Amino acid sequence: MDIIFNGTSRAIPHSITIQELLDQLHLDCRQVVVEHNRSIVARQRLADIVLDHGDTLEVIHFVGGG
Amino acid sequence: MDELIIAGRSFTSRLMVGTGKFASNAAMVAAMEGSGSEIVTVALRRVDIDNPQDSLLRHIDPARYLLLPNTSGARDAEEAIRLARLARAAGCEPWVKLEVTPDPYYLLPDPIETLKAAEVLVKEGFIVLPYINADPVLAKHLQEAGTATVMPLGAPIGTNKGLRTRDNIAIIIEQAIVPVVVDAGLGAPSHAAEAMEMGADAVLVNTALAVARNPGAMGVAFRKGVEAGREAYLAGLGKQQDKAEASSPLTGFLHDK
Amino acid sequence: MTFYDVIQRYDPQQVLAEIEAMGPDDVQRALAAEQLDNRDLMALLSPAAENFLEEMAQRAHAITLRRFGRTILLYAPIYLSNECHNGCLYCGFSVHNKVPRRTLTLDEIERDARILHSKGFRHILLLTGEAPGLIGNDFIAAAAQRIRPLFSSIGIEVYPMETDGYRAMVEAGIDALTIYQETYDPALYAHLHPSGRKRDYRFRLETPERGGAAGLRRIGLGFLLGLGNFRTEAFFAGLHGRYLAHHYWRTLLTVSFPRLRPAEGGFQPPNPVNDRQFVQLMCAMRLLLHDAGLVLSTRENAALRDNLLPLGITQMSAGSCTAPGGYAEQNSAIEQFTIDDDRTPAEIAEVLRSRGYDPVWKDWDRAFLSREAG
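Chains as they are written, first to last, in our numbering: chain A, 53 to 118; chain B, 10 to 266; chain C, 885 to 1258.
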């Protein structure tokens, strides 16, 4: 199944949680913040949410800025 | 003790630095350390899976620096509010440098959207530091909305042109009831000193440090510039004298009696 | 936070000591400053500044010319009532003074108003004492509504109201508020105001803020010259003005300089202010508050008023009568204080013109406000 990950379509396994996806992508959940279908997901809930086909995921982190 | 107080929190440094545009994280850290800053700004962007980057936060000691996330990239109030909420969800304290810059060329701030976003974010409990053009009336609207500072620009961001908005910044400083932080356009320590001599409460510098041949040394130079300007302001600058105008005496009547 | 919290941070004795310690160098520095800080204000109010009166006057004159040009706004007071339950020791309307009491009817108010209108006045100031039960907000609002067609600006100088009261005044067509603190020294204030609602120092001090919150367009401050030490009083009045300008930025600030005159009851001002000090005080206020309207009343004599013109004054009363109904009748028995410039408005206008000033009878019109459009 596909989701929109940071603006582009991405194939992911079925019944995977957000936490599992982050782990697969080697993203440290303490360094990022996640928006699932435009709602911010609290860090402790990342393992509770199972992704559906067509979901939108934004994974954001801090970069240099003025 | 001369402290900068923003939203009840005190700082000894009056120089804030940005973390953008540095050639390396090492250069950024050198500039931060040299500057003596206690507040550093950061931005939020999408993670790029295909080009994994070293995490910025690994280089910023949270015990030493207050992380001030900005809303750069936001083109309207809604986007800025979204970014601020994301930053808070990421574990930052609820401080935000609010910037709304729909104009991609000069990155000049949008006053209307900035005010809208400020009103919402203040109600949500954010400590809002808005980046604005040097517009005294906008500054008043924002402080009425409850912002913790106002951050007027000296010149368009990244231009290094110095205090081109000097006269309006002087009015903002004269009238403001919140700290005034001069942001953007300060290209040299002398510019920062000039802002501080005028009575600005603090300045924010990024590009000038990032593009310096030696960012660490430039951080030191800006620290000294800010300190010199502040000390001169506190010491009471000798003011420029108007040339005495020959005119008829106005108080002669007091001697008539 | 209000200005009450600000003034609490200062010890008046300490302020006076700092003012008296200022030297000529401090005064010169203050004279060169574009914006005064607290120290500069202290310097200009210090004894040392008495040797710099001409320099202060030239600066005040230059700033006033730059901001206001050569114009003087003329206004006149209408006393609606001399009923008062307060016992202010210095006031002719004090409850303890056995003077005939009178409250005008709306018809009598209109009669006075028409006389003033025919003399050219378009800015009017309504005054009353403080007599709960006898004079209320409804009466003042009704008076304003009655005379509203005749004037472009109506101000009030009455007892302090709550914010809602001021909102009602704005609705009735009133745009300006004058409220003197009398003295900023709480101990002296308590002594001079032994009875009546006016005893509440803080409520009075915060009155301009309530007026600003209600959207009044002009707010006038002042203290009575002669009560406290004029140097500390002026310092606190300056802080007060600056505070209001910062927090109520849509409202224009005015500052008055009411010097105590002989009044019923024989009150002798404990700290009389002489002409030199009067000039010093006025100039210091102009140097601190470049955009404030500075007001001079007919308490001062004609010669002095003419001489003070170029020093920063922007508005004057003219042809004033301080007794209720006094424009239509001659009844000096019940006036609040005696006036010392009894020239007619036309004479004063002529003097202004001869000195190169434009007498202004009307400098704005509330008809431009959207609220009035419907």
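For the record, the hints were derived by calculation from the structure and aren't laboratory data.
The structure presented is a predicted model; accordingly, all values stated were derived computationally and were not measured.
Glycine is no exception: its CB is placed at the ideal position from the N, C-alpha and C atoms.
Take the hints with a grain of salt, since some may be wrong.
Which residues of chain C face chain B? A partial, calculated answer using Cβ under 10 Å [stated by the list, open to error]:
1. R913
2. E918
3. D924
4. E1041
5. D1190
6. N1191
Computed far set for chain B versus chain A, every beta-carbon distance over 12 Å [said to hold, decoys possible]:
7. F20
8. R84
9. A99
10. D112
11. D144
12. I180
13. P188
Hints, verified against the model:
Annotation: R913 of chain C was flagged as interfacial toward chain B, and the flag holds, the nearest CB pair being 7 Å apart, inside 10 Å. For E918 of chain C, the shortest C-beta to C-beta distance to chain B is roughly 7 Å, which falls under 10 Å, so the interface hint holds. Nearest Cβ of chain B to the Cβ of D924 of chain C: about 9 Å, under the 10 Å cut. The hint holds. For E1041 of chain C, the suggested interface contact is broken, since its CB lies about 27 Å from the closest CB of chain B, more than 10 Å.
With 10 Å as the threshold, the beta carbon of D1190 of chain C comes within range of chain B, its nearest partner Cβ sitting at about 9 Å, so the hint holds. The beta carbon of N1191 of chain C is positioned within 10 Å of a beta carbon in chain B (closest approach about 4 Å), and the interface hint is therefore held. Separation of F20 of chain B from chain A is adequate, the least Cβ-Cβ distance of about 18 Å exceeding the 12 Å criterion. With 12 Å as the threshold on Cβ separation, the claim that R84 of chain B sits away from chain A holds: the shortest Cβ distance comes to roughly 16 Å.
Look at A99 of chain B: its CB is around 4 Å from the nearest CB on chain A, not clear of 12 Å, so calling it non-interface is violated. No Cβ of chain A approaches the Cβ of D112 of chain B within 12 Å, the least distance being about 16 Å, so the stated non-interface status holds. No beta-carbon of chain A comes within 12 Å of the beta-carbon of D144 of chain B; the shortest separation is about 20 Å. Residue placement check: I180 of chain B keeps its beta carbon more than 12 Å from all beta carbons of chain A (closest about 25 Å).
Against chain A, the non-interface label of P188 of chain B holds: every CB pair exceeds 12 Å, the least being about 18 Å.
The structure fails to meet hints 4, 9 from the earlier list, while all remaining hints are met.
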